[in-house]
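Novice: Chains A and B are the protein sequences, given in the same order. In the working numbering, each number is its position in the first sequence, counted from 1, plus 5. In the working numbering, each number is its position in the second sequence, counted from 1, plus 2.
It is possible that some hints are incorrect.
Cross-link-like lysine to any residue pairs, in silico, SDA-like; alpha carbons within 25 angstroms at most [as the list claims (entries may be wrong)]:
#, chain 1, residue 1, chain 2, residue 2
1, A, LYS48, B, GLN167
2, B, LYS419, A, ALA80
3, A, LYS75, B, GLN167
4, A, LYS89, B, GLY394
5, B, LYS276, B, GLN167
6, B, LYS419, B, SER229
7, A, LYS107, B, GLY394
Hints listed in this document are in silico derivations from the structure and should not be mistaken for laboratory results. From a predicted model like this one, the values you see are computed outputs, not experimental measurements.
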Amino acid sequence: MKRLLLVAASIALAASVAPVHAQQADGRLLALSCLNCHGPGGKSPGEIPSIAGKSEDWLKTTLVDFRDGKRTGAASTVMTRLAKGYTDAEIDALAKYIATLK
Amino acid sequence: MTRISRREFAAGVAAAAALTGFAPVVLGQARARARVVVVGGGFGGATTAKYLRMLDRNLQVTLIEPSQTFYTCPFSNLVLGGLRPLQSIAHNYNAMRTKHGVNVVHSTATRVDPAKKTVTLANGQTLQYDKLVLSPGVDFKWGAIAGYDGKAAQLLPHAWKAGPQTTLLRRQLEAMKDGGTFIIACPADPFRCPPGPYERVSMIAHYFKTKKPKSKILILDAKDNFSKQGLFMGGWKALYDGMIEWVPLSKDGKVVKVDPKTKQLECELGAKHKGDVVNIVPPQKAGAIAMAAGVNQGDWCPINPATFESTKQKDIHVIGDASIAAPMPKSGFSASSQGKVVAAAIVAMLQGKEPSAPSFANTCYSVVGPDYGISVANVYVVKDGKMAVAPGGGVSPAQADAAFRKAEARYAESWYKANAAEVWG
Ligand SMILES: Cc1cc2nc3c(=O)[nH]c(=O)nc-3n(C[C@H](O)[C@H](O)[C@H](O)COP(=O)(O)OP(=O)(O)OC[C@H]3O[C@@H](n4cnc5c(N)ncnc54)[C@H](O)[C@@H]3O)c2cc1C
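With the rest of the complex left out, here is chain A (with noise of 0.2 angstroms):
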């Protein structure tokens, strides 16, 4: 129990260190949205692509691709509409959160 309070309190202790303030990119409230079309997790149940088990990179390119037009057609149906929608930073937060989705 000792050990566990000690780990506990560190967690607590990182965690007071990187407060995450209001006006700051909170990645998992911005991906909340993806997962109405990309399925819970980010595992999809039907055409539209699983986001969950991706990279960071990964997802940081393609968000920014998309947003940049570089995916065009019917391989980017909504999502250059959707990622004009985010600023750089959110782009960050989302891909960072979103690679933690296993």
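Starting from the known structure of chain A, fit chain B with the ligand onto it as the hints suggest.
Specialist: Okay, now just chain B with the ligand, sitting in the frame of chain A:
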């Protein structure tokens, strides 16, 4: 390791308790299990209840919903078109109970006392809340069209709440002779699902084309333009040329009176129309419990868009169709997106923290034909205290090829499954 202060130690105890699943003793008083009551088990309410528990297992969450089975309006137009059975749009509350530990009570909320923070149910129960979320959807303004009330809707269905009304309209379409006329009366903005009437027209046109090709469709509209208008009209021309006529407000399209027995409709400037099957989409307002709670201003409920807390009553949050969230449309996707943001905001507020900057999204897919889908998609942010559209977004391109339209029809189906799993799964 640095010395641990008392405060950090206490936090450690709480964290350890959270890890081990024991209720924290030290902080137990301050953070006694907060109670959140959610009214309405549709898109907004079910999402909120589930996410409250996913984000904070310590919360006591009660969901009030009269029905055991929820039939979604999304894809009910596909049921009308004969593309899928009613059973495929039915959802239940089993996962809500067993997977998420939400206390589901099948009853109707009849009264809210914002001062005492209580909700009274039709079954006689009174529930105490720390936070209340209302997602009651819409009620119809019976009588706004003369002659159109709950009883008339048994003859001229609205089918704007799915279930028995969907079945009724489908049966009438099946019974109609080839060469008959289907009339739909559409309301002015704002109303539930702006592209909904036009997707319905598309699906019924598909049914006519395949089964009753001599039949016609007449749209009587209380507006001069509608959602995804160019895309719908392009789709109708491509798939159902000559079958559909649209009469806008300025051409006397606004229906003001109905005779349910003769199925005759009268418009504002005097035009009269008779249909073989008549579908009235009545004008709408927030569900009655919003009025009972005193969170409405006229027909709808004003909110602070960052948290969807009512601007009229503290600790009551109103989401979904009932809220004033424009430019977000009244859609199931919007309601669910709002539910997630509100769940996170409530968890933060109950812990005395400031909620994260909110971000919302909406996409309304419309199925024009089995292989022809279109969409409108936007991200929303709060800017200067107001709901605003983020850059980008918009409707599917006007000049897309067949592969694009087909992909969107497939994605619409995929969206339906993913979204339902996010809300009720
Ligand atoms: C034909 C049609 C097609 C549509 N297609 C789409 C689509 O493709 N995509 C999309 O995103 N949206 C679509 N919509 C819109 C979508 O159905 C609504 O926007 C959505 O249901 C709103 O969610 P809500 O939570 O506000 O209300 P609802 O989902 O209607 O849920 C409200 C719930 O509250 C319950 N309730 C009400 N009062 C009380 C009370 N006093 N006590 C307890 N419970 C109560 C009701 O029983 C109901 O279950 C469509 C709508 C229609 C009509």
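Novice: Each of the hints needs a verdict: does it hold here or not?
Specialist: Hints, verified against the model:
For a cut-off of 25 angstroms, the pair hint linking A/LYS48 to B/GLN167 is broken: about 34 angstroms separates their Cα positions. Between B/LYS419 and A/ALA80 the CA atoms are separated by roughly 21 angstroms; this keeps the pair inside 25 angstroms, and the hint holds. This hinted pair does not check out: A/LYS75 and B/GLN167 have alpha carbons roughly 45 angstroms apart, beyond 25 angstroms. For the proposed pair A/LYS89 and B/GLY394, the alpha carbon gap of about 5 angstroms is at most 25 angstroms, so the pair holds.
Restraint check for B/LYS276 and B/GLN167: the C-alpha separation of about 21 angstroms stays at or below 25 angstroms, so the hint holds. As the CA atoms of B/LYS419 and B/SER229 are separated by approximately 24 angstroms, the hinted pair is consistent with the 25 angstroms bound. In summary, the hint linking A/LYS107 to B/GLY394 is not supported, as the alpha carbons are separated by about 29 angstroms, beyond the 25 angstroms threshold.
The structure is inconsistent with the numbered hints 1, 3, 7, although it conforms to all the rest.
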